[in-house]
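Reconstruct the complex from the two isolated chains, following the hints.
Chain order of the listed sequences is A and B. Following the working numbering from start to finish, the first sequence increments by one per residue and tops out at 474. Following the working numbering from start to finish, the second sequence increments by one per residue and tops out at 372.
Simulated from the structure, these hints should not be mistaken for laboratory data. Fair warning: there could be bad hints in the mix.
Stated by the list, open to error - Computed beta-carbon distance windows for the label pairs: (1) A/S56 to B/K236: 31 to 39 Å; (2) B/I256 to A/P336: 47 to 55 Å; (3) B/Q289 to A/A254: 53 to 61 Å; (4) B/E358 to A/S412: 49 to 57 Å; (5) A/L338 to B/Q289: 42 to 50 Å; (6) A/L421 to B/L337: 26 to 34 Å; (7) A/S412 to B/S362: 53 to 61 Å; (8) A/R55 to B/A248: 18 to 26 Å; (9) B/A309 to A/L421: 32 to 40 Å; (10) A/Y305 to B/G338: 34 to 42 Å; (11) A/D369 to B/L339: 19 to 27 Å; (12) A/G411 to B/E358: 48 to 56 Å; (13) B/E358 to A/G169: 53 to 61 Å; (14) A/S56 to B/E358: 20 to 28 Å.
Said to hold, decoys possible - Quick list of in silico lysine to any residue cross-link-like pairs, SDA-like style, CA-CA up to 25 Å: (15) A/K184 to B/D264; (16) A/K392 to A/D404; (17) B/K344 to A/R266; (18) A/K290 to A/S359; (19) B/K236 to A/G151; (20) A/K142 to B/R268; (21) A/K392 to B/H269; (22) A/K371 to A/P431; (23) B/K319 to A/R41; (24) B/K354 to B/E287; (25) A/K212 to A/R266; (26) A/K229 to A/S204; (27) B/K344 to A/A59; (28) A/K371 to A/K392; (29) B/K319 to B/K344; (30) B/K344 to A/R47; (31) B/K236 to B/H269; (32) B/K354 to A/E62.
What you are looking at is a predicted structure, and each value in this text was computed from that prediction instead of being measured. C-beta atoms are modelled at their ideal positions from N, C-alpha and C, and glycine is treated no differently.
Residue strings, one per chain:
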Amino acid sequence: MKPNDSQHELLLRYLDGRMTPDERRRVAEWLRSDAAAREFLRTVSEQAVMVADLERSAAGRKEAFHPRQVVVEQRRKILPVNFHVWQSWLAAAAAVVVLAAVAFQFRSKHRPGLLRVTKVTGSSQYFGSKGKIENTLTSGTSLGAGDTLETRSCDAWIELKLRDGSTLTIAGNSTLRILDSEAGGQRFKLSRGSLWVSPAAGTAAKPLSIQAPTMTVETRGTQFDIQASSAETMLRVNGGSARVQQLLDGGAVEVRSGHQVTASLSKREPLTVTPQPAPINYWACDLWKVPEVTLGRWLPPLGNERARLRADPLLWPLPGRDPLMLYAVALAAWKSTDHPVVLHTDSKLSFRGRTERAQMVRFGFSAQKMRGAFAGKFEIDVQPTSLGSAGETWEVELLLAHFRALHPHLAASPEGLELNDLYALTIDDDAGLEINHVELTPARLVVPSRP
Amino acid sequence: MNLSEHDILQALMRARVRLSAAAWLVVRDTHASEDIFQNVALKAMTREVSFENEAALMSWAFITARREGIDWLRRHQRETFCLDAEIFELLEREWQSEAAHPAGSKVEALQDCLAAAPESARRLLKLRYFDGYTCEEVAEQMGLGLNAIYKRISRLHESLKECIEGKLSNAAGNGGQVS
Chain A
24 MKPNDSQHEL
34 LLRYLDGRMT
44 PDERRRVAEW
54 LRSDAAAREF
64 LRTVSEQAVM
74 VADLERSAAG
84 RKEAFHPRQV
94 VVEQRRKILP
104 VNFHVWQSWL
114 AAAAAVVVLA
124 AVAFQFRSKH
134 RPGLLRVTKV
144 TGSSQYFGSK
154 GKIENTLTSG
164 TSLGAGDTLE
174 TRSCDAWIEL
184 KLRDGSTLTI
194 AGNSTLRILD
204 SEAGGQRFKL
214 SRGSLWVSPA
224 AGTAAKPLSI
234 QAPTMTVETR
244 GTQFDIQASS
254 AETMLRVNGG
264 SARVQQLLDG
274 GAVEVRSGHQ
284 VTASLSKREP
294 LTVTPQPAPI
304 NYWACDLWKV
314 PEVTLGRWLP
324 PLGNERARLR
334 ADPLLWPLPG
344 RDPLMLYAVA
354 LAAWKSTDHP
364 VVLHTDSKLS
374 FRGRTERAQM
384 VRFGFSAQKM
394 RGAFAGKFEI
404 DVQPTSLGSA
414 GETWEVELLL
424 AHFRALHPHL
434 AASPEGLELN
444 DLYALTIDDD
454 AGLEINHVEL
464 TPARLVVPSR
474 P
Chain B
194 MNLSEHDILQ
204 ALMRARVRLS
214 AAAWLVVRDT
224 HASEDIFQNV
234 ALKAMTREVS
244 FENEAALMSW
254 AFITARREGI
264 DWLRRHQRET
274 FCLDAEIFEL
284 LEREWQSEAA
294 HPAGSKVEAL
304 QDCLAAAPES
314 ARRLLKLRYF
324 DGYTCEEVAE
334 QMGLGLNAIY
344 KRISRLHESL
354 KECIEGKLSN
364 AAGNGGQVS
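Chain B on its own, in the form it takes in the complex (with noise of 0.2 Å):
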């Protein structure tokens, strides 16, 4: 039996991060990449496709973010470097294996993390990602060199991650409760 609608909607709100995320390194912006996961939620409902369990679902949604991320990038002209297809099939096939947490539960575990960082820390994040500045301009708004920045943005990255897993972990441990 194919997949209901509420079943298509609660798997896609689950793994909405990883898809955006997925779109991201296609488009490397993060308002397209929002956009993509629209328009992939929008197929998966119009019923021009079904679904006969989760996994296929996943699979679909994947290869369609891809898909919409390399359309979006020749309609805006960009020429953003993209990975090869097979790396995107391997990361694909990874964050397909990786166990789902409670929509919305990372974001807010990284909310957390965020807020506990430096100010410098959470600007450099909201420069590089939010208002989608390269890193040279961000060096150049913070007045640091480029190689600082990319050694801030990977510690950064790193750590974040570590904290995250902390919440998460302590959150399964509460009953779902991040702390």
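Chain A on its own, in the form it takes in the complex (with noise of 0.2 Å):
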């Protein structure tokens, strides 16, 4: 017999996980031994994903005919959707192909590999061993020795799948090269920019080395993250251990979960490993003591701003279209505090500067889960309406919660992540945006015990 609407009710609930023991039980019951039940619960499913597949589809047509509304989010689809009824063997047709070049690419790539692209978001760059460079990877592309990507921009991320099954994530501005294995083992050299390594869970885990700017790294079934510029180095171990050796003096440590090393070429000490501070959540930029900008150009002090920093283009671009220019500033938040810092969804963010023209202005951050691996970026538009007169100087406080999360299968939420890098940005047009103070505030202050 055909439910009614109440019996619709309860198995929605059901899905949600809204009732006892006792009534998820009796469910269950109903749902082995009535066909109609079960055929309510694949006709939700079968919509949800349609539903989400037209909501995509959607977002895709007003990226192309609105570029300012752009989302700066790429999703690498295997599968196009098309819905036009005059289109759809075409689209059929065409996913094939695209299916197919996958899988092509999937097995004629398929030398050696030492690991394969899982995800590639935003702006990225992959050179081939042998001289070849393609302006975006695909999900599924296997990659060897002597392979190098490059993340370009502060939206970016791309994460790789290692033969032993752990999970490598590069984001930022980031630069990594795959170098020939050694006895097993798998070795990369991070030339600058963030990288995450969590091992997978259950298996052998092989010998893993990084060499980045200023010391190497060796692991084996460590989850670990490290921070490199061109002339300093962090490496923050947040499960297992692992051996680091300062390229300067050739002196090594052993790094034990919940610890952190940094090898600086400035300060020209010894590595001394320290416990990782304690997470704090306030923080604030103060441009003139020059942090470590990622995208960006100093502009000279005026009236009471001591430093200011302008937008600089970075083209990003877009498969099968024409590339996208974007006038971003970015800040690496880990490199001006010792101390994580902790997100919540009830902290502000408060941006101050300018623009030149009245324009939408999208301010965003990354992060990382609190001594863990890359939990994606958030995002917030600002229309012009809201910034106030072009040419003046505005400031704008930002709820964490209203940010939305542009990798929800990573984190859905910024609540307890720590923070990485900061960016605001135009897209399309030069609006000489200007970013002069940047600053996190909690509902609630943490002061950090003394160590």
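What follows is the structure, encoded as structure tokens:
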């Protein structure tokens, strides 16, 4: 018998887990014996995925026709979705070709590859070992020794699956080269940027070696992250342990879980392992103290603004379309404090700055799990009407709960995550965006205890 | 003789919505279910497996989608309540025995049906299934009670199902054109 409305509601609550164990048991029994009840579950699940397909498709069309409204997220999809009748066969054929191409790429590139690209977002570039340059990578591509990957914008990241099942992620402005493997291990060179490694659970991890500008890190089954610039590298170990050798003096140390080490050319000191500092939830970026700027250029002081950072252009390739120009300022928050900066949905991010012309400004930040893996990016668009008159200084205060997660499958909310990088940008037109102050204020301040 | 690469791709494309829907029943996240379908398609194409016929392919694909979903839940430490294996097997069997429509036609029919639905209905579905809000959060955003949201979603699914079936049967009579 066909279920009635209230039975349908019951099934929806069942899917949401809004039931007592006893109710759940009874509904499960009903589902086992009633084909009509199961048919409703199939209907709900099919419509759920189709609604999402249509929304993605609508977002794609909006992006094509209104470049200023473009969402700076690129979910690289293997299968295009197309819904017009006259195009449906064409769509199917195109999808077949694309999938076939991916499969061919997968097979043909399946030399004894070290690793496979599993996710790609934002502007990236791939330099093959034989000099091949590709502006965009595709999920499924197999990579080997000599290949170099670059993520070239604050919103970009690439996730790789290593042969032992471990996950390696680079994000922001990062360059990673795959080196020859040694004794069954895997070796990489991180020239700059941020890298996260999460070992596969329950498998025999292989040795992993990362050469950074100022240190070499050797691990096996270790969860860790590295932040590297040309003169400084910081390693944080969040699970397992790592052996670190400083390139400056050859000194080596063992870094255990919950500890970190920094090798800096400017300090010229032996490596010292320290416990990872307690997190803080307040953070302010004094631009005049010259923080790590990953994108933008300095402007001379103006009035009581001692430091001003102007957006720099950044070309953002789009598959199958003309590239988009972004004008962005990006700061590495992790460089400006020894403490991890913890994010809460009721915290607020304030940006002070100005634009020469009225234009929408996109504000965003990247985050990682507290002492864990990369957790994605979060963004919010602020319309020019909310910023005030062009040419005048504005200050926007943005509740973190209002930022949208660009990669909700990594983290749907910034709650409890650690802040990595911050950025502000305009899309397509250079509106003369300047930023002169950034601050994170919590609803309730946490003062870390002294070590 | 085993299915060719071309046959595998066509079969997977025809079953795309069903396979993604099966994955959704595990993870309850439409973006993750899309990723899972892509992973299943990639696995099917790597020739680590071969299929004697379409039924074998579909059986493998549904089981792989379910496993990938469970793995995704584990990796993301999601505590989503999971249907038991027996119910999944029944659902998968029913999906496999259902007649397949041309790739994209069901989505196209849904698009037409949604175009005729009130704006609030479209918003409700977007919040729930694309933005990934819980019914409680949707209720809050729409200024409605939780019971009202469950009632609306349940009626919406049912009316959309009737609308889609109507359009698909008309299309069958019109030589494939959804009107």
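Which of the numbered hints are not met once you compare them with the structure shown? Violated hint (a single one): 17; every other hint is consistent with the structure.
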